[in-house]
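Undergrad: These protein sequence lines are chains A and B, in that order. In terms of the working numbering, the first sequence opens at residue 1 and continues consecutively. In terms of the working numbering, the second sequence opens at residue 211 and continues consecutively.
If you're looking for bench data, these hints aren't it; they were derived computationally from the structure. Wrong hints could be hidden among the right ones.
[To be verified] A few chain A positions that, by computed beta-carbon distances, are all more than 10 Å from chain B: (1) T12; (2) E21; (3) E93; (4) G117; (5) G118; (6) M132; (7) Q177; (8) D194; (9) D207.
[To be verified] Partial chain B-side listing against chain A, Cβ under 10 Å, derived: (10) G220; (11) D225; (12) L258; (13) R306; (14) C312; (15) T338; (16) M342; (17) I377; (18) G389; (19) D393; (20) T401; (21) A406; (22) A411.
Glycine included, C-beta positions come from ideal geometry on N, C-alpha and C.
In case you want the letters, here they are:
There are 2 protein chains.
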Amino acid sequence: MLINILAYQGMTMLDAIGPYEVLSRLPGARVQFVAAGRDAITSDTGFLTFLPACELDAAGQADVLLVPGGPPERVMPVAQDPAVQQWLRQQHEGSRYTASVCTGALILIAAGVITEGGVSSHWMAADTIADMGLAYTGERITRAGKVFTAAGVSAGIDMALALSAAIADRDTAQAIQAGIEYDPAPPFPYTGDDPAVRELAGTLLQDSLG
Amino acid sequence: MLINILAYQGMTMLDAIGPYEVLSRLPGARVQFVAAGRDAITSDTGFLTFLPACELDAAGQADVLLVPGGPPERVMPVAQDPAVQQWLRQQHEGSRYTASVCTGALILIAAGVITEGGVSSHWMAADTIADMGLAYTGERITRAGKVFTAAGVSAGIDMALALSAAIADRDTAQAIQAGIEYDPAPPFPYTGDDPAVRELAGTLLQDSLG
Chain A
1 MLINILAYQG MTMLDAIGPY EVLSRLPGAR VQFVAAGRDA ITSDTGFLTF
51 LPACELDAAG QADVLLVPGG PPERVMPVAQ DPAVQQWLRQ QHEGSRYTAS
101 VCTGALILIA AGVITEGGVS SHWMAADTIA DMGLAYTGER ITRAGKVFTA
151 AGVSAGIDMA LALSAAIADR DTAQAIQAGI EYDPAPPFPY TGDDPAVREL
201 AGTLLQDSLG
Chain B
211 MLINILAYQG MTMLDAIGPY EVLSRLPGAR VQFVAAGRDA ITSDTGFLTF
261 LPACELDAAG QADVLLVPGG PPERVMPVAQ DPAVQQWLRQ QHEGSRYTAS
311 VCTGALILIA AGVITEGGVS SHWMAADTIA DMGLAYTGER ITRAGKVFTA
361 AGVSAGIDMA LALSAAIADR DTAQAIQAGI EYDPAPPFPY TGDDPAVREL
411 AGTLLQDSLG
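Bound conformation, chain A alone (with noise of 0.2 Å):
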């Protein structure tokens, strides 16, 4: 079963590592971070760089096609690139599964393998998806047929664990859960709804860039 993950510059590391960690569990996967040049991709903070298993034209039809987000300046570039929309189409037309996280959905959308319904996004990309003609949902997945939407960064996790069950069965997905010992316990309530907070993680956010 092979995973495709679309690789680009200024990613964010854990849309893309979360779900990685739980499919690269499933019996049988293979994971390969695909990007549309030879060169290392290098994070959104600019603190990792790795190196993308191949380029688009060698990566071979995936069973699963996963989007992970990143900034909306660095995910703006990648969305309206014809190459890498004509990949994802063509991979998205094959797979078993499509998925995204976070503002891998605007990437998803703009290829227009996304055309209706609503999905899930960080709440960052809300208005954004609006514009795009599409419902933001608000939850932290989204199914839609085939395809699964996640909310932002870490809800990729969840949304991997969903899928996995999708793709195997409850048990394999409980048992990557295990594995991966997620049993999440933050030590504060999640305060993300707040318009006070959302601001100062916005300028986190914005100052981490690399």
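Please arrange chain B on chain A, whose structure you already have, making use of the hints.
TA: For chain B alone, kept in the frame of chain A given last:
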């Protein structure tokens, strides 16, 4: 603020990327992946290869030292490497905080950085920790002075949020939590205390190693 993350062949990526994603958003944070050699680092599954920022000697004194885990057969050679042990002891001496995720605790114990008391780690490592003369707490996060240890893999996110509150303040940590939209909602209950689930988890993990 310099955050040095130990990188080594066969490490589990989410152990490092969870905390990286949180800590890199702290004001003034600079994160370095530091390795014992110049080679690119390949993760436990074999599916991700990245370039460490520098070698041990070139890393500079960390404000925060972080040690991720991995499968026992990949962790143990690192834990027993005298150069790594010495580097960890030196870094820990000058650090403001020292942290591990998952079986990274075994590396800190082997280096003599943690010498007594309770530690969090992956449930799979509970017996090994007892064999090393320490107490596995079974907690998601254990704090002993300036040392934070986390449970398996995904627990590094929870730990890093607690650590962020200690480094900065709770408002900052909660804003980072909002930034990575960490409002976890696993699609099914955690069953990792069930021996049958643990057995399947161990098999899936073993079969996924590259």
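Undergrad: Does the structure break any of the earlier hints, and which numbers would those be?
TA: 1, 2, 7, 8, 9, 10, 13, 15, 16 and 17
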